[in-house]
Amino acid sequence: MACMDDVPLCILQCIMMFLLPDVGDVVRASAVSRRLREAWMGMEAYELDASTIPDHHLLDLDSTFAAIVDRVVFNHSGPGIKSMSLAHTRYDTDGDRRVTAWLDRLASREHHRLERLDVNIGAALHTPASLFRCETLVELRLVVHAAARGLRLDVDGAVHLPQLRRLCLEHAGFRSSTQFQNLIDGCPLLELLHLRFTAVARREDTVGIEIRSPSVRRVVLEGCGGYGMVPFEVSAPNVEELVLSGRNMVAVEKGGVRRLSARKVSLLMDDKLWWYNVFAPFHHFTAFLNVGTNMSRIMAGFHGVLELAISGWCIEYLSKIVDSMNLPDWGIEVLRVEGMWPNQGQAGVVLHLLRSSPCLRNLFITNELEHPREISIDENREQYPATPEFLFDAVPGRLTHLRRFFMFNFSGNRNEISIIKFVLGSSSISINPDQFGVTDYLGNDWSSTQLILASL
16 MACMDDVPLC ILQCIMMFLL PDVGDVVRAS AVSRRLREAW MGMEAYELDA STIPDHHLLD
76 LDSTFAAIVD RVVFNHSGPG IKSMSLAHTR YDTDGDRRVT AWLDRLASRE HHRLERLDVN
136 IGAALHTPAS LFRCETLVEL RLVVHAAARG LRLDVDGAVH LPQLRRLCLE HAGFRSSTQF
196 QNLIDGCPLL ELLHLRFTAV ARREDTVGIE IRSPSVRRVV LEGCGGYGMV PFEVSAPNVE
256 ELVLSGRNMV AVEKGGVRRL SARKVSLLMD DKLWWYNVFA PFHHFTAFLN VGTNMSRIMA
316 GFHGVLELAI SGWCIEYLSK IVDSMNLPDW GIEVLRVEGM WPNQGQAGVV LHLLRSSPCL
376 RNLFITNELE HPREISIDEN REQYPATPEF LFDAVPGRLT HLRRFFMFNF SGNRNEISII
436 KFVLGSSSIS INPDQFGVTD YLGNDWSSTQ LILASL
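Taking my numbering, the leading residue of the sequence shown gets 16, the next gets one more, and so forth.
Honestly, I wouldn't trust all of these hints.
As the list claims (entries may be wrong) - When the alpha-carbon atoms are kept at most 20 Å apart in a straight line, the in silico EDC-like pairs for lysine to aspartate or glutamate are as follows:
(1) Lys279 - Glu225
(2) Lys436 - Glu404
(3) Lys97 - Glu150
(4) Lys287 - Glu389
(5) Lys97 - Asp119
(6) Lys436 - Asp408
(7) Lys97 - Glu130
(8) Lys436 - Asp449
(9) Lys279 - Glu206
By construction, these hints were calculated from the structure, which means they are not laboratory data.
Could you build the full structure based on these sequences and the hints that come with them?
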């Protein structure tokens, strides 16, 4: 028989997921299966996925999965597990204590040498304190699908994760902003922070949050809450990319993003129309629930940004104050507008951005095809402030560094044409395929049509 080391991990795991549950089966307890068990129980890396358990165990899937994990975690025969992946998105929500026990054992240096932990599970769970003092852990990903209870992170004590470089949390909840700050400060080598649907602070919190480690390279906040309630800063000096997506959680005056230091920033808010309509009537209040001022404040906190991607919803928030926007000159070299709506207010915001970007070299605008017509077209925006007419006037030489301009999903809308006219009149860009392009959603090229040439 070939050496067990020659058996691919995926094949060995499939075999063992089939053999392990039926311990009493005489045939499956043969010498061959024992050799497989011995080899499997001493491995350094595991990917235990409930979806690979044979169909005849589906009626008792939770206990079968738990028995397999118990055996591997508590009876490991090798020097210790280095990499563990646990996946069971429909695990019984009463299994939280068991999952906590697995994590506690895996984080123990007396039993394992954990470097990578990936938990994608349906049980609500409490993280053991030992997990946040695991000195060998390099990558940690915790995804919880029990949204009603979620993942409660118990990090009240000291956090010591000296080797952690990648941290990803989903559906997690921190009891306070101080708790979240303790976790970030306890990861001196952290390079990637990725949070999805995670609350980093509570309404009653007053202590701000600052991500400041020089090792941080990428920060992604998707659908997160809480950072609008307290002062939030990303002041780490070496951040390459910062992504904020989800709904615009309108901040109270004392909270919200104050400083963003990154080479590339993506503001990719994606709101829901009904949710937006709840807050829209409050846009006259300057101290609370002002979506336009809130988004403007986020952008005013940019430092060192060379590339900006901004969504149609973010531009929509800013269109609430299009008549009073006052942006400083930035050093932005690349601007990507991801989903502009066909109205004068959003066109005005884009023109504000262009007027504030004298170093711009590359401009990409994608027009939104599935915009909410109830508020996205000029005929339905009588309650919005009027866009100042001067914004549409070209400023010769303002975009002298511009080398490339491409517009996608062009529809012939007059506001789209106004932007094209401004760009061509404010730059020295020429109409050739390498520098300039205007295409509709079918890919048809409009760059040389009379419609475009008439704007020159």
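| Of the hints stated earlier, which fail here? | When the structure is compared with the hints, none of them turns out to be violated.
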